[in-house]
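Chains A, B, C and D, in that order, are what the protein sequence lines are.
What the first sequence shows, in my numbering, is residues 1 to 242, in sequence order.
What the second sequence shows, in my numbering, is residues 1 to 242, in sequence order.
What the third sequence shows, in my numbering, is residues 1 to 261, in sequence order.
What the fourth sequence shows, in my numbering, is residues 1 to 261, in sequence order.
Everything labelled a hint here was simulated from the structure, so no lab data went into it.
For each residue, glycine too, the CB sits at the ideal point set by N, CA and C.
Take the hints with a grain of salt, since some may be wrong.
No more than 20 angstroms apart at the CA atoms, straight line, and that leaves these computed lysine to aspartate or glutamate pairs for EDC-like [claimed, not checked]: (1) B:K50 / D:E41; (2) A:K55 / C:D42; (3) A:K50 / A:D235.
Negatives, chain C to chain A, calculated, CB over 12 angstroms [said to hold, decoys possible]: (4) G204; (5) R215; (6) M252.
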Amino acid sequence: MRREQTLADRITGSAVWRSVVRHGYPDTQRNQALIIASNVFLHIHPVKIKRYATKVTYTFCLGGLSFFMFLVLVMTGVLLMFYYVPSTDLAYQSMQDIEASVTFGQLMRNMHRWSAQGMVIAVFLHMGRVFYTGSYKPPREFNWVIGVLLLVTTFLLSFTGYLLPWDQLSFWAVTVGTAIGGAAPLLGQYVNFLLVGDYQIGQNTLVRWYTLHVIFLPLIAAFLMAVHFWRIRKDGGISGPL
Amino acid sequence: MRREQTLADRITGSAVWRSVVRHGYPDTQRNQALIIASNVFLHIHPVKIKRYATKVTYTFCLGGLSFFMFLVLVMTGVLLMFYYVPSTDLAYQSMQDIEASVTFGQLMRNMHRWSAQGMVIAVFLHMGRVFYTGSYKPPREFNWVIGVLLLVTTFLLSFTGYLLPWDQLSFWAVTVGTAIGGAAPLLGQYVNFLLVGDYQIGQNTLVRWYTLHVIFLPLIAAFLMAVHFWRIRKDGGISGPL
Amino acid sequence: MAELAERQPGQGYTPIDEAKRQRLLELVRGRAMARPTDLAEDEVMVWPSLVVVEAVSAVVFLLGLIVLSVLVNAPLTAHANPNQTPNPSKAPWYFLNLQELLLHMNAGLAGVIIPTIALVGIAAIPYIDRSPLGVGILGTSAKGRKIIAFTTVYTIIVQTVMVVLDEASDRQQFGLGAVLKDAGMPEIVYGQMLPSLIILGAIGVLMAMVQGIFRPTRREMIIALFTGFVVTYVMLTIFGTSFRGEGQELTMPWNLPLEHH
Amino acid sequence: MAELAERQPGQGYTPIDEAKRQRLLELVRGRAMARPTDLAEDEVMVWPSLVVVEAVSAVVFLLGLIVLSVLVNAPLTAHANPNQTPNPSKAPWYFLNLQELLLHMNAGLAGVIIPTIALVGIAAIPYIDRSPLGVGILGTSAKGRKIIAFTTVYTIIVQTVMVVLDEASDRQQFGLGAVLKDAGMPEIVYGQMLPSLIILGAIGVLMAMVQGIFRPTRREMIIALFTGFVVTYVMLTIFGTSFRGEGQELTMPWNLPLEHH
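Input sequences plus hints: build the corresponding full structure.
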């Protein structure tokens, strides 16, 4: 029994298509397994999962939302970088240009700002959810530690971004923030000099914080997230009642 | 039969260690399999492999070297970013500072420059090796296409980095390069304006190319490499005689 | 893929029907990369069950974010000016808890030592509480949830009283610091040891009360401590953002200078 | 992990020895995440066999890079000056093949159309040559390697002759372009169509000669074309980097201005 070939059949049957996509339409269990297992981005998931792990009122999607906000921040951040110059002469003017002249510039900036705040909150709440459901218990001990490091990284990402608009708000917030860091016993002045790159907040500070914000800390976050997600899989998915 | 506990035994037997590392010392086949399969970075490999695939005179390590150079470029690049300001007023001075004042600055710059050149060559030679061994044949067709895209991305990464020193060499090389792009039929002037961001090469061009170089193109390269490596695995490892 | 390994061929074959025949043919043609999975009763396929949940929450969240971003602009104040210090100068909101703490004690203690101890303590939780009891249940048990409620109320009261009292005594540790200072003690005594003792005292009283009232397991005691930390973090943040005006004086939120966000 | 799926339990159990007993115990204790693999004769463990190769080549390469970087400094010429055009102005070396091409024909053809066609053509190779013949063998066969050698010699000669001849005729397509231009033809004829025909002609002659001499398979013909592309790329790059001086005139490498790298 041969059914007639539609255009879609001919496309999905072609050598080019089949060299890219190696599963059929996911309406059978087999193809639903293949679509997950044969895609490098989806394969972070297992092909099947315990039913309770899809319950929104257990996770409140907090971990997923944190990751999603990270993606939104990467995308809006890259777009903003095309117009922002980390120089004390041009930074503030860049911000004004982004708000006034760049198409959708103000929207990009707002989305970046509000997701950054949202990510801090979501990561914190995610930590609370994991704690109160006891999800840090063996074999998940080390993933909890990774999670704490991710919380710290999130704080630092948000804080380093705070300086970039180079307005009064950011300048003095960072003055206060680095003064707190500089109060560390013994190492205080070294920490402060490392963070500020000079004896006062200026060009050196701005380019350092910019680099920390746009590449150094995101790379650390990506590294930690890779381990975090990997271990969720290896520990048998998210926790659930025994 | 219990052998005496050494300090190493006590460390590797502790709850903290065992929450991080889940395999023993890799001197048994089981642990050699586990060390690959339980590490998120090593698990890109299979646990076992055909013997011919370890032969250096077959691959000349070209794919691996390309990837390794990419890693070297990321690391030296991040370090350079801490001192480089993509502003027409400060860029050239940043370069002079990196060469004269920053500890190991000149070495970092040289390593970045020479690996960039090396990566262009290695990627090109890798393409040659894959072609002449017929390694693009089914099921590897699409991975060859990904490879061609990676070659293009490598060229663009190298070319966008070329402008950043803001010296005569880079300024005029980019003038010539964008003139070539601007010669495209129909779309030429749009391509040119998109690349230059202005009617002549200036501040807008510099920050655009900087963003392309430090984040946009690296993200694309990382994305393509993820698919590239994934497909090598899914296609049964590197090619070999039938 | 580990799941796939569990399915062994040769088990319980039924007579070959059409679907199976197709599948076998595909296997022969070399297109089969993963075998179909047999679902247990409490399992679902990730595609579509989980992927749909993820996609829907991503879309809903993204729409919310876009609406928020259209309606509310991110702040941009005047150009940075090192010569004009705003009053008050504030850190970003998520660090205002530390800035609040800073008012009451030595800067190194408030800004570095206490947060470091808190983070290390939190990271160490799984190595202290290893029993699998209560995994997957919000708050572990009915008792656990009662402990959360009790700790929340306790911490809110204690924090508020401490901040207001300390403010009333010119941030001199309820006046005790002033006494020690006048007695010629060094800063380490009244700026570091005394505040540490006060904090440890507040934690100790909490632990003693929880112990006395609830007879908790180790897990439940850690719930009390973690809840105390979270509520403290939130309370101090609220004080720092909404109740600190010029000169970091306690002020009602509606009296705050408007330029701060 | 796919390999693990292939190993089925219940096959050929030998009496349980100590190693197996340990392994089973670990399995019971829930620590077994992957099963040990049985190696076929032509297989090796990735750890250590492949990992060692990777680590050693990484270290060797890194040392070489560091030595090179200590010895040779990256160039830094004078500050960019839009008002002072260096002569010659050159693109980065890997684009100098395009710049060389640009001298001989219309800019859009040389800089955009030809590279696009080349890249698309290269990307399409696997969809044209699908036979598994010669996989894993450098150059497919003895005949393939002969075709590579032949094509290399052919391309070097043709490229050199064409570049030198065209230069001798003032880059007017061996004078043919000048004839068409003088005859009042539009630029598209002498700047685009004529050069395209010359290129296609050179490729056509190569294909005809390979066909005549070697009777190649489709795979071997593609080897000839790919080799032609690679050698052209290298030859044009060498001309562009080492033989083009002031005003892009053909010059010997030792007469080039020193400031270019």
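Status of each hint after checking the structure:
| no. | hint | in the structure |
| --- | --- | --- |
| 1 | B:K50 / D:E41 | 9 angstroms, holds |
| 2 | A:K55 / C:D42 | 13 angstroms, holds |
| 3 | A:K50 / A:D235 | 13 angstroms, holds |
| 4 | G204 | 22 angstroms, holds |
| 5 | R215 | 19 angstroms, holds |
| 6 | M252 | 22 angstroms, holds |
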